[in-house]
Amino acid sequence: MAWETRNGRKYFYRSVHRAGKVTKHYFGTGLIGTIAANTMARHSAERRAAHKAWKQQEEQLDGADRLTRAMYDWGQLVIDAALYASGFHRPCRHGWREWRRGRSALKHYGTTHQ
Amino acid sequence: MDDRLSSTTEPLISERLRSLVEETRQGDASALLKLRTLLDEHPEIWRHAGDLSALVENTWIDVLAATNPLGVESLKRSMAEMRAELAGESPTPLERMLVDLALSSWLALKHAECMAADQSDGPAKLVRRRQQRVLEAHRRHLGAIKTLAEVRTRLSTGLSPVKRVKLFLDDDQQSD
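If you read the sequences in order, they're chains A and B. Per the numbering used here: the first sequence = residues -7 to 106. Per the numbering used here: the second sequence = residues 70 to 245.
Just so you know, these hints were derived from the structure itself, not from any lab. Incorrect hints may appear among the rest.
Below, simulated DSS-like cross-link-like pairs (lysine-lysine); rule was C-alpha separation at most 27 Å, straight line [to be verified]:
(1) A:K2 / A:K16
(2) A:K47 / B:K194
(3) B:K179 / B:K194
(4) A:K13 / A:K2
(5) B:K215 / B:K145
(6) A:K44 / B:K103
(7) B:K145 / B:K103
(8) B:K179 / B:K215
(9) A:K99 / B:K103
(10) B:K194 / A:K44
(11) A:K47 / B:K179
Hey, can you work out the whole structure from these sequences and the hints?
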């Protein structure tokens, strides 16, 4: 977007890139050009403000996501520990199953899951 | 937000816990005794889980309050009801932790769905990020519910709700 002077008159135009070519779209001179320039400037400012608001929102959500992931990771670690300690195991990432070798090791501890 | 995460540092024995779980996962039965001892003698393991889940819950409620302040009170009441229903009368520390996980992931999922449903224009990259967030939150929530149901099935020590965690109603209950 810019103003171009020709024969002493200022014209407001916008450059458009399409199919590798750049063309100029002229909006007019005087009041019409001024209105077009102001409208485009306002739209541009609104887009920038919206983008900034989106980015701030995403940063806040990313922070909340990091916290949720940390909770989930710790929770998963403790769940695995508790299930192993109760005499279960998860062979080849299948569901949790009773672990005979684990249970006989736990018998020495004095408490096993019945 | 990063300040909140740094305020809940992992317990000092977290590395020990991780290595014992990994040794057990590899099939080392002797690590089981040490793991059992660690869980029994270090209640900070469970406390840290409780601290994290309270922090996550408050964080998501703050995020939701920014877009819908009037709905926050109703949300808190819904969560209290869901917690009571899922946990039962005398949940074990593991069950309490799993219920917290399920509720926190539910909050995150609800927020992600609301954001993704917003059809307003935005950068394409951020729109895709919102959709991805819904999928991640959904997977986490289902995982938490599934693990709660599995733990209730496997570990019947202590008092637990008579009714199992149900995802679907039976035919006779649907007519109610």
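Tested hints:
1. A:K2 / A:K16: 14 Å, holds
2. A:K47 / B:K194: 11 Å, holds
3. B:K179 / B:K194: 21 Å, holds
4. A:K13 / A:K2: OK: K13 (chain A) and K2 (chain A) at ~24 Å, within 27 Å.
5. B:K215 / B:K145: 23 Å, holds
6. A:K44 / B:K103: 51 Å, violated
7. B:K145 / B:K103: 39 Å, violated
8. B:K179 / B:K215: 18 Å, holds
9. A:K99 / B:K103: Satisfied, since the Cα-Cα distance of roughly 13 Å is no more than 27 Å.
10. B:K194 / A:K44: Holds, because 14 Å separates the two Cα atoms, which is no more than 27 Å.
11. A:K47 / B:K179: Holds, at about 20 Å.
The structure is inconsistent with the numbered hints 6, 7, although it conforms to all the rest.
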